[in-house]
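**Q** These protein sequences, in sequence, are chains A and B. One point on numbering: in full-length UniProt numbering, the residue at position 77 of the first sequence is 77, and numbering is uninterrupted. One point on numbering: in full-length UniProt numbering, the residue at position 78 of the second sequence is 78, and numbering is uninterrupted.
Rather than coming from a laboratory, the hints here were simulated on the basis of the structure. Among the clues, some could well be false.
[Claimed, not checked] Going by beta-carbon spacing under 10 Å, a handful of chain B positions derived as facing chain A:
no., residue
1, 48
2, 49
3, 57
4, 74
[As the list claims (entries may be wrong)] Cβ-to-Cβ under 10 Å is the rule here; a few derived chain A residues that face chain B:
no., residue
5, 51
6, 64
7, 72
8, 83
9, 95
A virtual CB, placed ideally from N, CA and C, is assigned to each residue, including glycine.
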Amino acid sequence: MNQNPQSSDGRNDDDSALSDFLASLMDYTPTIPDELVEHYLAKSGFQCPDVRLTRLVAVATQKFVAEVAGDALQHCKARQATIPKDKRDKQQKDKRLVLTMEDLSKALREYGVNLRHQEYFADSPSTGMDPATREE
Amino acid sequence: MTNDGARFVPDDFGHAAARLAVAQLCDATEFHGATASALDAFADVAVRDLLDLGRIAESHADRTQCTVFDTIRSMEDLEAPRAFASAGGIREIINFFESAADKISFAQPISNFWVV
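Please model the complete structure; the sequences and the hints are all you need to start from.
**A** The structure is reproduced here in structure tokens:
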């Protein structure tokens, strides 16, 4: 045959890894619930009664959300590190890491998703203030 | 999105559940909190990811039902914009699955709800 043993072994390893992975999905409960995934898959035309595929899609989306959240966390920490030191004592209690549209849009840009903050969105107390005084 | 006191939108329940799931995943990533607009936008992105995965898998299937290979191809298609960032989409899914030591389940049980 034209197949060399090395590629055949590699393919067998991938196949067995996929089979083991699908089998273990039966015992796994993703963070994104099965009912939610089934709803949106059905909405998009996906038809498959196998719960393993539903959970496979749930794990894929969960991985995507976890990666974006991790990138947004790095942006959030970097943003907090830029606070001047003389003002850091005043904001010692505000060390909490809060996900904002700024962090999320920067993280999603790496994934090709363009996300912009809505204009005039009143979700922060600095809305409406001059940009120069917003940093205070 | 969140509509306080406004008319009921057919996808309100799905987005509310997605928002809670995304909040749990952000909480697992050391975030202490999230602004309402960021959480709404993030849930919307997650919902679009689910819809795109289903739509692309359905387009790959040449029969009525989708198989696992159609699903894998849809994941690889969505990974295409980051062509050089990763290789072997399903391998990364398996690695993520095995490394997720803190497996968080959804906060509340929900029932199946209809496609409107």
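**Q** Could you run down the list of hints and mark each one as holding or not?
**A** Comparing the hints with the structure gives:
1. For residue 48 of chain B, the interface hint holds, the least distance from its beta-carbon to any beta-carbon of chain A being 9 Å, beneath 10 Å.
2. For residue 49 of chain B, the interface hint holds, since its Cβ comes within 10 Å of a Cβ in chain A; the closest pair sits about 5 Å apart.
3. This hint holds: residue 57 of chain B has a C-beta 6 Å from the nearest C-beta of chain A, less than the 10 Å allowed.
4. Interface hint status for residue 74 of chain B: upheld, as the beta-carbon distance to the closest one in chain A is roughly 9 Å, under 10 Å.
5. Hint on residue 51 of chain A is violated. Least Cβ distance to chain B is approximately 12 Å, over the 10 Å limit.
6. Annotation: interface hint on residue 64 of chain A holds; nearest CB of chain B at approximately 6 Å, less than 10 Å.
7. Because the smallest distance between the Cβ of residue 72 of chain A and any Cβ of chain B comes to about 8 Å, under 10 Å, the interface hint for this residue holds.
8. Annotation: residue 83 of chain A was flagged as interfacial toward chain B, and the flag is violated, the nearest CB pair being 16 Å apart, outside 10 Å.
9. The restraint placing residue 95 of chain A at the interface with chain B holds, with a minimum CB-CB distance near 9 Å, inside the 10 Å limit.
When the structure is compared with the earlier hints, violations turn up for hints 5 and 8 and for no others.
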